[in-house]
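Colleague: Use these hints to put chain B onto chain A, whose structure you have.
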Amino acid sequence: MSFVLVQVIVGGLLLGAVYALFSSGLTLVWGMMNIVNFAHGDFVMLGMYVAYVVYTLMGGGPILGAPLATLVLATVGVVVYFALIRDIMKGPMLAQILGTFGLALLLRYSVFWWFGANFLSMPQNIVGGTYAFAGLRIEASRLLAGVVALLVTLGLHLLLTRTSLGSKMLAVAEDQTAAQLMGIRPDTMQAIAWAIAAGATGLAGALIANFFYIVPTVGETLGIVAFVTVSLGGFGSVPGALVAGLLIGVIESLSGYLIGAIYKDIVVYVLFLLFLWFRPQGLMGKM
Amino acid sequence: MTLKHVTGLLCAAAMSLVLAAGARAEDKVVKIGVILPMSGGTASIGAHAKAALEVAMDIINNAHPELGNLPLAKNAGLAGLGGAKIEAVFADNQGNPATGQNQALRLITEDKVAAVFGSYQSGVTLTSSAIAEKYGIPFLNSESVAANLTERGFKWFFRTTPIATDFAKIYVDFLADMKATGAKTDAIALVHDNTEYGTSVANTISTAFKEKGQPVALDVAYAVNATDVQGQVLQLKDRKPDVIIMISYTSDAILFAKTMQSLDYKPAILLADDAGYSDPSFIKAVGKISQGVFNRSSWVVGPPGSASAVIADMYKKKSGEEMDDTVARQMQGFFVLADAIDRAGATDPAKVQAALKATELKADQLMIGYRGVKFDDKGQNILASGAIIQLQDGENYVSVWPKANAEKPPVLPYKGW
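Taken in order, these protein sequences are the chains called A and B.
According to our numbering, the first sequence is numbered sequentially starting from 1.
According to our numbering, the second sequence is numbered sequentially starting from 1.
Chain B with its partners taken away, still in its complex shape:
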């Protein structure tokens, strides 16, 4: 490396320092550390989440009276803290539990954030929230569904999303309903990756079906970010299950869709557990060859003018994407955290923790389809709920179950391409 190169590098480093310092010259801000996958195989999720949280901050920090009952929307900033603004400090977890842990440590000890929000992958949430617990900083999780996260006796961990056990119950009920209408749902196959998310959700689902007297017929595990899934698809083709439940992140979900088409294999019912199948880039890449896939969701857009419709518009303007279930749950979680800090009237961790514990939001104060937000002793939102949606035309999901708030009836069998 010549002197010229060194000088160049130093200049670049100096410039980025100046830029970083400029962004920090604001007083009366409440900093929230946000840990997301901004690089690695799930970077698209992180990019969408960042756009969603920027919309959420716009709503909190500026006056948005059009959003009705949504807490913090009416006035600018946090009224409880004299109009202080929320500022997210974004940190990249690279989809890696160790990196997530380091980022949590950095956010808490160096950026002195009031609370930590994140971290998408259940495996990363597991490690990063342990750091927040150690330092006594509130940690809010809005999207990781591994059941064990709230079974660790943590005092500072709060989770707004419905979790694997809730969804397992939804799948059992949904398939029972489909069976009642004449569909064959006897042999169920689980296809999942080997991450914390994949294995724990697969376990929870298989336990739920076993309790119903219908053990899972086939369990296909694969290593995350696969280069090839022909073997797995052929295994499924060979065993012919009636229902396949897919628990996969975006990259693998796309590969499965492509491989299933090239090997001409379709199950009668393909049911996806969110994750990759909710990523808008999944729909753009392979939606047309995944027509009829079922998915779970807590996000349903209301009529024009409703809070959810306005937010969906804002998000689309910001990111260029349609709002999906994952980002909606993330935004909702961020609102819950900001609301708690507002009610606490301070950034003192103990006060925010107490305010989170006292959270009691009604369904009409939310932008998402939960029945409300109220945490139990373990920090889990007991009013979280979800529905089943279907990608009928290969472009947009429509809600199909439960019947009470379905836009369209479910269509069987799985059409594919």
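Just chain A, with the same shape it has in the complex:
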């Protein structure tokens, strides 16, 4: 195996970890509330802009930008839940789809209006350049995003499976009325779920901003990947999103390098459809 191939795989794994990172928020909302959040990509975008504003106004790197983006987006999540989601959840499926889609456009074009359409970028060395060892090159910013992706996934998984808050959230997801009879407030639990999901998404955006360009329409580019990752991983399964993200990252990189970049999406989506054909619930989802 050539050295370049190792670099391709390592690059794919790091890319995949990032995919997993910005998909975990989506899988939480999707799995718990059966809501397809089309504004998810634009939450990532907002996280990127928060990080950018933190950098330009205060000169702060991800140490300041990432927690702030998490906080801001968690707030956005709660606001969105009470202002929009709570109402449209009572409506038909189509209303939910169009509602979050409208939210996506609102967010995108608000940022357009405020920041303009220009491409922005964080300085290259804000997270410490690139590590080179044994001929391999790993960008510190991607490594940071990858490590945080693992931690966030683990954290969310533990939260859902090992804490009483997690059990309450799952109870609401399972049966709202029964949960209510047990003294759990579905509204509160779902608001918390939105806060966590949007917060994780904001965190992802802030970390991605360190190595990707920042533009109001970036959510379009990233959003689709999140949907594919979540459905491959299994709706509602946080570890599933991680495995799926890593898989997609490596397949994309390998097919991009070996077969040609123009075909890499075809390879990814053919495998994706084949897989869902045999296992529609995804890698780790429940039927």
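Think of the hints as simulated: they come from the structure by calculation, not from any bench.
No experiment lies behind these values; they were computed from the predicted model shown.
Each hint should be verified, as a subset may be incorrect.
To be verified - Negatives, chain A to chain B, calculated, CB over 10 Å:
(1) Val36
(2) Gly116
(3) Phe227
Said to hold, decoys possible - Footprint (simulated), chain A over chain B, 3 or more residues, beta carbon under 8 Å:
(4) 42 to 51
(5) 224 to 236
(6) 252 to 265
(7) 274 to 287
(8) 386 to 399
To be verified - A few chain A residues that face chain B, going by a derived Cβ cut-off under 10 Å, partial list only:
(9) Leu5
(10) Tyr19
(11) Tyr109
(12) Trp114
(13) Phe119
(14) Ser121
(15) Gly155
(16) Ile214
(17) Val218
(18) Ser255
(19) Gly256
(20) Ala261
(21) Tyr263
(22) Lys264
Here a beta-carbon is modelled for each residue, glycine too, at the ideal position from N, C-alpha and C.
Modeller: For chain B alone, coordinates are given in the frame of chain A:
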């Protein structure tokens, strides 16, 4: 959705109608439909173009005697139509050929525009100009370079920009010159997206090099708006071409620059085919890690006080950006269209078409570095020309080739960061 929500939406809709009606209460205007990417991955281009066209309209609609020979600048409005003002009706193509086509239809049938101007992406120009052709409305394109656009036998399509074949020739000559000075230019790689622009320009360039007996060594195609280009950069790193020619829009251009740095890969010569590399936001985002990239351009700022310098200032005041080649070509195209309507003395499509055909502008009547504007039977400007510029300091492009009007000599090899 509750009643409250519905009422809110209705109020918003009513307000926007009132606003739109207010903007229209002007008589004696000539409406020109302008199709641009105002959203989507190339929205920054659309925003810059809009600012540029607003400057152009200021120049046409108000008296600007300081601009010398530039047609329409001296007096206010179009003299040929009793001082009528030009009004652009902007439409968003979303970077999508189907949307561009719908917008052309809407502009022609509902806004009753006298002519259509646009549409940036070659793929969108292809579809939107077909509608103008069908309705017999003049369509002026100032920036799409896919060669086939003027090979369709259209009667209403006019293009002022130099096209892919012109640039391919410039690249061949430029690289031959670089080779003469000792640079290695044998293995050439093309990196391009899969849009009409990317594929057709790549084809034209590879044909031009083949005719010179130097076939392109490596062709790297990728899907536009990529999320990741590590595979492509590693492919290049593996094959080590001497020259890379990049044919990419802004988003992908930025991603390539970042990825090339993180994977520590530099070719000896990096030559970009305009597009993303001329976008000021590309320079702001990754100019410092793309030092020494070559690019093509028809825009060169003249000395202070010259028409081009005055216009560059006006544009900077309006948009906050430095003038770049793309917006300069767009402004120039808009002037050519307005000049034709002025000479036609009417907005009757056939008269404007005849006036466009009769266009004969000299180099000193232009704001850009073409040798002039004169259309052939296919509607292509045969006097369009371009030069090679280089981003030597990572902040501003300087002209480096041909030698006759170069500000500085070209610097090799590609420095990067």
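Colleague: Against each hint, give a clear statement of whether it holds in the structure.
Modeller: Hint by hint, here is what the structure shows:
| no. | hint | verdict |
| --- | --- | --- |
| 1 | Val36 | holds, 18 Å |
| 2 | Gly116 | violated, 6 Å |
| 3 | Phe227 | holds, 13 Å |
| 4 | 42 to 51 | holds (count 4) |
| 5 | 224 to 236 | holds (count 10) |
| 6 | 252 to 265 | holds (count 7) |
| 7 | 274 to 287 | holds (count 7) |
| 8 | 386 to 399 | violated (count 0) |
| 9 | Leu5 | holds, 9 Å |
| 10 | Tyr19 | holds, 8 Å |
| 11 | Tyr109 | holds, 8 Å |
| 12 | Trp114 | violated, 13 Å |
| 13 | Phe119 | holds, 4 Å |
| 14 | Ser121 | holds, 3 Å |
| 15 | Gly155 | violated, 25 Å |
| 16 | Ile214 | holds, 8 Å |
| 17 | Val218 | holds, 8 Å |
| 18 | Ser255 | holds, 8 Å |
| 19 | Gly256 | holds, 3 Å |
| 20 | Ala261 | holds, 4 Å |
| 21 | Tyr263 | holds, 9 Å |
| 22 | Lys264 | holds, 7 Å |
Hints 2, 8, 12 and 15 from the earlier list are contradicted by this structure; the remaining hints agree with it.
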